[in-house]
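So the protein lines, in turn, are chains A and B. Residues 108 to 797, numbered by the working numbering, are exactly what the first sequence covers, in order. Residues 108 to 797, numbered by the working numbering, are exactly what the second sequence covers, in order.
Read the hints as simulated data drawn from the structure, not as lab findings. A hint or two may mislead.
Note that the list lumps identical chains together, so a pair holds whenever it fits in one copy or between two copies.
Unchecked claim - Taking lysine-lysine and the DSS-like style, the derived pairs with C-alpha atoms no more than 30 Å apart in a straight line are: (1) K352 - K754; (2) K466 - K123; (3) K454 - K142; (4) K194 - K466.
Since this is a predicted model, take the numbers as computed values, not measurements.
There are 2 protein chains.
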Amino acid sequence: MISGDAIADLRHGNLKRLLFPRSIAIVGASKDPAKAGFNALNTLSGFDGDLFAINPRESEIAGVPCFPDLASLPIPVDLAILAVPAKACPAVVRAAADKGVGGVFIISGGFGETGEEGRALQDELAAICRETGIRLLGPNTSGFLNPRERCAASFVHRCGDFAPGRVAVVAQSGGVNLTVAFQLRALGEGVSLAVGIGNGADVDASDVLEQLLEDEETRAITLHLEGVTEGRRLMQTLRRVTAVKPVCAVVAGRADIGEFAQSHTGNMLGARQRTVAALRQSGVVVVDTLEELAQAASVLAAVRLAPCANPGVALITGQAGPGLLIVDGVKTLGLSVPALADDTAQKLAALLPPMTFVKNPVDTGRPSETFPAVVQAVARDPAVDLVLIWSLVEPAVLDPASALQDVPSPVVFGSAGMPDDIDAQRASLGALGLSFVTSPERLVLAARVLCADAMAQTKRGRAEADVTAGAPMVRIAGNLDESAAKALLAQYGIPVPQRRVCHTHAEAHAALEDVGAPVVVKIVAEGLVHKSDVGGVHLGVRSSADLDRALAAIDAIPAEGGRSYLVERMAAGGLELIIGGTNDPAWGPVLLVGAGGVNAEVLDDSALRIGPISCAEALEMIADLRIAPLIDGFRGSPRLDALAAAKVLVALGRLLSDHPEIAEAEINPFRLYPQGGVALDAVVIAQQSA
Amino acid sequence: MISGDAIADLRHGNLKRLLFPRSIAIVGASKDPAKAGFNALNTLSGFDGDLFAINPRESEIAGVPCFPDLASLPIPVDLAILAVPAKACPAVVRAAADKGVGGVFIISGGFGETGEEGRALQDELAAICRETGIRLLGPNTSGFLNPRERCAASFVHRCGDFAPGRVAVVAQSGGVNLTVAFQLRALGEGVSLAVGIGNGADVDASDVLEQLLEDEETRAITLHLEGVTEGRRLMQTLRRVTAVKPVCAVVAGRADIGEFAQSHTGNMLGARQRTVAALRQSGVVVVDTLEELAQAASVLAAVRLAPCANPGVALITGQAGPGLLIVDGVKTLGLSVPALADDTAQKLAALLPPMTFVKNPVDTGRPSETFPAVVQAVARDPAVDLVLIWSLVEPAVLDPASALQDVPSPVVFGSAGMPDDIDAQRASLGALGLSFVTSPERLVLAARVLCADAMAQTKRGRAEADVTAGAPMVRIAGNLDESAAKALLAQYGIPVPQRRVCHTHAEAHAALEDVGAPVVVKIVAEGLVHKSDVGGVHLGVRSSADLDRALAAIDAIPAEGGRSYLVERMAAGGLELIIGGTNDPAWGPVLLVGAGGVNAEVLDDSALRIGPISCAEALEMIADLRIAPLIDGFRGSPRLDALAAAKVLVALGRLLSDHPEIAEAEINPFRLYPQGGVALDAVVIAQQSA
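Just chain A, same shape as in the assembly (with noise of 0.2 Å):
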């Protein structure tokens, strides 16, 4: 038995294998052209390594010498292309992993995509793989491009005929993973690697990512994600990769709100957004679409600003109209287009003509010798950190890279104009290391994403919150009643306001004059989530006859299992807020604020992170709620206490990590004021198998 160390470094040295070939075998290969045997040994004409057809009744196909099997080999491949049916497949992967083959990919469908019987063949793969170490890509997958090594395992169309590039592909899907390749090559961008998923049986994007890592080839990484298992592991990967390499993603899934938990927290964190949370919390550039994920990437493989809070950006250009509109998206982003200091404005007075406008954007009219002083003179600026430039192609006035050279501060320069001279530019850019786009949105795209880059690598430096146990807790047993849900909360620092649970008419009535008027009375009865619905809620309690009356009414109310009467001290008025968590299957906790009441979801006013997280990052969340503005004082009204609501975000994060068995905790309305904050209603839920 190989110890747990060794398998994980047999496995990694294994994919890397697989995804760099060195010799090749295709078992099922075939002579006849309508078979994908023979497609997948024509894809790989070009292989450079040693290429082996395997076929017990051929001696050679198209050239290339043809063994009876895997066995006869005369050595272990690093990669087996299996084009033989899904039943015939794991006796194949058992003999490749016998072998000694580092890795295979499955062309046949008819696996985990299929149902019970595929599933069921599936998951004999992978328990192969993971006992012997061999790795498998796929199934269901149209396969991965490695055109440095000359190797497309695939079966699509031309697949063979990527260029070698900086830019890696990493998809969920075989069909996006190809697509976007098409984008990279539109935009004149090779492929370091580009890898589909597919049903991830065994090789996962983690795993993918950690080999990109260490190519150094690869200068940026795109990455398509739908759904995601391990989501802790993944998110470890991506901090490492991003901490080198800059990554960027599109999630998909935006519509489908995916699974209704009980609670308004589990409706709100939607997969995705789970997703796209924990991408932006491990330094990742989130994109929407797979147009803006290659461009994003090409930018990213020319130019990473250093990292930076807040990065200036500059624009440069002749043509007002599209300045306007460059200027107008990059404000609209909330991005920085600072002033340029007084000094750099006096030397571009001197450079360029009178009644052009000056401070930021630079409008230089139509573009003359001085140009690569302007470029200089903005770039040195000490409030800039990107330069964006726009100007049709214009070679009587203006030659990019003869102005662009030696510029101290990264630049990105965007034109528009006839294809053949779009080709010129782009080239004579690239061989220069500069970045190079085809309209002003695109310009705005670069601008998005490297200041997102930038922004994210400071955040890195932060000590991650910490996540390692404390001494052993008592499990919770099952759902927990308000009072003991708040007793709980209490626990961990978060403010609940003074209450007594009471089980008779007198206990209530003494419990008005220890809490002090007004109290609220409240049912407590097992199951009943809404209370307000049914009128168990009571505010305003001031009086003894005020008390009689409520609990007449919760009286009234059946209960099967019995109730009690919750007292608590009524809260004064404040800015209400929804504060809530779930132990994620995939992300562990993962933790919410949002606007209070029904605003959360009507207004889709809420902020997630996965957690547990440091206190910083809880005010960022509260920032980036709509609503911010209200807790910031607005109009005159006091500045709320946001570092109260941000320590329960905090509190709720190790208590979500202290206990696993709890599915959810969810504080609503959590009632903010110019000092501290009260949790007025809580629920906590067991998860269904504790």
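Please build the complex by placing chain B on the supplied structure of chain A, with the hints as guidance.
Frame of chain A, contents of chain B only:
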């Protein structure tokens, strides 16, 4: 003196001559390649019609006959291009008008964009145009392109290389005009006409749109706007154009909110939002970027859906990953992706392998020879108005051009592949008049713009809200106090609380009796807007003692011009809205509804329309709000009387239309109930000139 109608006809005809010239003269033509007068001539070397140079020192330039001045020309040319200094322009334009030239385009800068002196020159040019009927494009634009006439009136590199086509460009900015033309070129689209308006001293966007309405080659129009001055004329023109051909638009100025008006309403009615509302109300499809603009026009030029309130979108794909992103995008837009009829599903099940998804989207698995039949079945489904298809380029298994012959519903085909394959697909589909796009998100965009256009067309049939003036109105002499404002609203049928303005404490006590407790007591004092802030509003006044306390508090507020007391019936609790409007110099009445209190601003939850509007439009505005679910009855709360709020919007539109002397009218809050609603506070502000 020519009559108004005659000069309008003359101006229209002259603009047609300018944009579709059969004869052109270049004033200031030069043999010096460094001069604009050389470039202009050079760019027109392919022009089919009569070309003349004007230069007193030459008899011929580059083979073009040269005349000393416009007067000497053998014919009055359709277009004169002026490459002479700004100061010389007025005399040349007057000479051109005397000669009977159709219109002029001025290459030189130095007009309205450069300050006082330039502005005066520009005004002089505009006056000559008004007086004589000659037309002037610009100044301060890079000109226009008419590839059909082989006419590029521009100084920009390779403007003469555009192919004639079916998409027109009308852009405020010359730079944007050319950028959009280049984006169209990248999509394989030619240009019917591309016009940069520039300073718009004479020719504006409405003028060009009028020409395009008549131009049979123009199948779709792209429009770029920055600021708009003659808004209502633009709306009228666009309504006529969009009835015949689709128009899509980009509007600049997202970030810059512009003017900050006295009331909340004014603040929220940003210039861009007004323009966007006006365009949508005129049947225009508004998009966000220039690439989207070009793509939208390319799609709309090929296919336009029949008018439809809620078009059904179907997707056919063999690649589930991109398919998921496409359906995700379409659903996120709120478009309908209907389940296919059982009949269709049965047909598809017979055509496709088992385990493929045949509801909608239709996952074909890898395309096979049944693909054309699959497309036919889906296109014939009664719920389907638009068929989207996504497939990577795979010539071995799918030839889109033959698969998409005679499809009975509109189709957009999307694909990704190597550039030469893509060009070939575009050409073969284009030859069939079919729309082709190159990414999943462009398919989503196609669905968005086709459906938006189809939905806008259904609204065209609606009777326009009545804008004819009624009986002469009593003009408002200045700002109205709250009670007077409410009295005016009440004249328009807007519900206001029962109330009395009282000048003495005794009158107030009588009013408490008459109106009936509880009442609200408010200060009325000239120029005092924020009554609450100074303690001038007292709620829940029930008794004489309560009233005395309130009156004493109001008496303590400093009010130089004296004070009165407004005693008003206190309204029950309800959902609060803000309902307001302004009389905009460009657009006339602009109406707004939003979430009440600070929410409209903080949560950016408001909707606006150019008024006056119909009740149906007002209900649409309310449905556009984020808080619409609260009005519809959220989580068991009662459904509120949206119609009551809609009627207020309609009435406010009439009021502002009747009273152009009113700058702004605002009801904040309007309190909405399950039955009816009431205007709790009202402000009416007169135009400053009034």
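Status of the hints after comparison with the structure:
Within a single copy, K352 and K754 get their C-alpha atoms no closer than 33 Å, and across copies no closer than 58 Å, so neither meets the 30 Å cut-off. In the homo-oligomer, the alpha carbons of K466 and K123 never lie at most 30 Å apart, since the shortest distance is 52 Å inside one protomer and 40 Å across protomers. For a Cα distance limit of 30 Å, the shortest separation of K454 from K142 across copies, 28 Å, qualifies, whereas the shortest one inside one copy, 68 Å, does not. When the C-alpha separation of K194 and K466 is checked against a cutoff of 30 Å, the pair qualifies only between copies, where the shortest distance is 29 Å, while the shortest distance within a copy is 69 Å.
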